[in-house]
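Here the structure of chain D is known, so what remains is to put chain F in place on it, guided by the hints.
Quick note, the sequences are listed as chains D and F, same order. Note that the working numbering numbers the first sequence so that position 59 is 59, with each residue one more than the last. Adding 99 to a residue's 1-based position in the second sequence gives its number in the working numbering.
A hint or two may mislead.
Facing chain F, a subset of chain D residues (Cβ under 8 Å, in silico) [stated by the list, open to error]:
| # | residue |
| --- | --- |
| 1 | Leu2 |
| 2 | Leu7 |
| 3 | Ile16 |
| 4 | Leu30 |
| 5 | Met32 |
| 6 | Ser33 |
| 7 | Ile34 |
| 8 | Val46 |
| 9 | Ala61 |
| 10 | Phe63 |
| 11 | Val67 |
| 12 | Val74 |
| 13 | Val79 |
| 14 | Leu80 |
Derived DEER-like restraints, expressed as beta-carbon distance ranges [claimed, not checked]:
| # | chain 1 | residue 1 | chain 2 | residue 2 | range |
| --- | --- | --- | --- | --- | --- |
| 15 | D | Asp90 | F | Ile127 | 35 to 41 Å |
| 16 | F | Ala261 | D | Leu91 | 27 to 33 Å |
| 17 | D | Val94 | F | Thr244 | 21 to 27 Å |
I should point out that these hints are in silico values taken from the structure, not numbers from a laboratory. Beta carbons are placed, not taken as given, at the ideal position from N, Cα and C, and that holds for glycine.
Next come the chains, spelled out residue by residue.
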Amino acid sequence: MLLNQFLLLSAVLFSIGVYGVLARRNGVLLLMSIELILNAVNINLVAFAAFTDTIGGEVFALFVIAVAAAEVGVGLAMVLLLYRSSRTIDLTTVDRLRG
Amino acid sequence: MTVLAALEGMDRLSGGDVLVAQNVAFAIMAITMVASALRMVTTRNVVHAALYLVIVLAGVAGIFILLGAEFLGVTQIMVYIGAIVVLFLFGIMLTKGSFGDDDGVTGERRLMAGLVGFLVFGVMTAALVESFADAELSRSGPSTTADIADSIFSAYIVPFEAVSVLLLAALIGAIVVARKD
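The shape of chain D in the complex, shown without the other chains (with noise of 0.2 Å):
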């Protein structure tokens, strides 16, 4: 199998994800978007782990996870918050911060 064939579908996603977070206004569809950015990451770790025959990518893939997984949590109770304190999770209404 080639390289590229992955790197291009890892790229492909990449895009997609940046596209929905731009986009979204909801903020869980906003992490979810996020979640598919450092899943196009994962693809390419491990398939330059695969490229140079080395284990190194995929223990950084797993640590990844690890990440996400943290991010989710702590993104998923701000949007709790968020719901609790406004009512609502449209992310073009957070702007009490604003001058």
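For chain F alone, coordinates are given in the frame of chain D:
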């Protein structure tokens, strides 16, 4: 059946029939993942978006197994599909009523986001095609769990401990942020 054939032949990456089966399996998974990801960022139903995310995550697990990273594929299924998607569904349920749909996105916002995403994809594609034009994967066989364990507890022990502390901090932080006081 094609996927199974590709998985069984994982230890002979250079074989002719196996290579064809692997490429077919890759094509099926890649098309499914890209279509699901596109639906995920465009669908108006929040729960459907979470279910499309499950398809993409399962596809990533399949790609991992295709690349010979079996432990990572199983971890992906357990952590992402087993835990993170359930967290998302809880988040959707607990904030239900505020946002059943996500249809208020204006055309201009979508256009700009699509433009940025397309530009990112274009730049990355140009760089990748130029750098790794015909590079072949050189892995001789699937990586074993023992290899990963050896690596984590010798060369990467410091990052591993750092991730442990990060998970603990994130857990406590999530409880502190989300609790009712």
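Hinted contact valine 46/D with chain F - closest CB pair below 8 Å: holds, 5 Å
Chain F contact restraint for leucine 7/D - C-beta distance below 8 Å: Hint holds; leucine 7/D Cβ to chain F Cβ min 5 Å, cut 8 Å.
Closest C-beta approach of valine 79/D to chain F relative to 8 Å, hint status: Since chain F brings a Cβ to about 6 Å from valine 79/D, closer than 8 Å, the hint holds.
Hint check, serine 33/D versus chain F [nearest Cβ-Cβ separation less than 8 Å]: holds, 6 Å
Outcome for the supplied range 21 to 27 Å, where the beta carbon pair is valine 94/D and threonine 244/F: Since valine 94/D and threonine 244/F have Cβ atoms about 43 Å apart, the given range 21 to 27 Å is violated.
Minimum beta-carbon distance criterion (8 Å), leucine 80/D to chain F: holds, 5 Å
Per-residue hint verdict: valine 74/D, partner chain F, C-beta under 8 Å: holds, 5 Å
Range hint 35 to 41 Å (beta carbons of aspartate 90/D and isoleucine 127/F) holds or violated: holds, 37 Å
Supplied contact hint for leucine 30/D, tested at 8 Å Cβ to chain F: Check failed: Cβ of leucine 30/D comes no nearer than 10 Å to chain F, outside 8 Å.
Interface restraint verdict for alanine 61/D against chain F (beta-carbon cut-off 8 Å): At 6 Å from the nearest chain F Cβ, alanine 61/D passes the 8 Å test, so the hint holds.
Restraint outcome when leucine 2/D is required to lie within 8 Å of chain F by C-beta distance: OK, holds: leucine 2/D within 8 Å of chain F, min 6 Å.
Evaluation of the interface hint that places isoleucine 16/D against chain F, nearest CB under 8 Å: With a closest approach of 4 Å, the isoleucine 16/D hint holds.
Of the numbered hints stated above, those contradicted by the structure are hints 4, 7 and 17, listed in ascending order.
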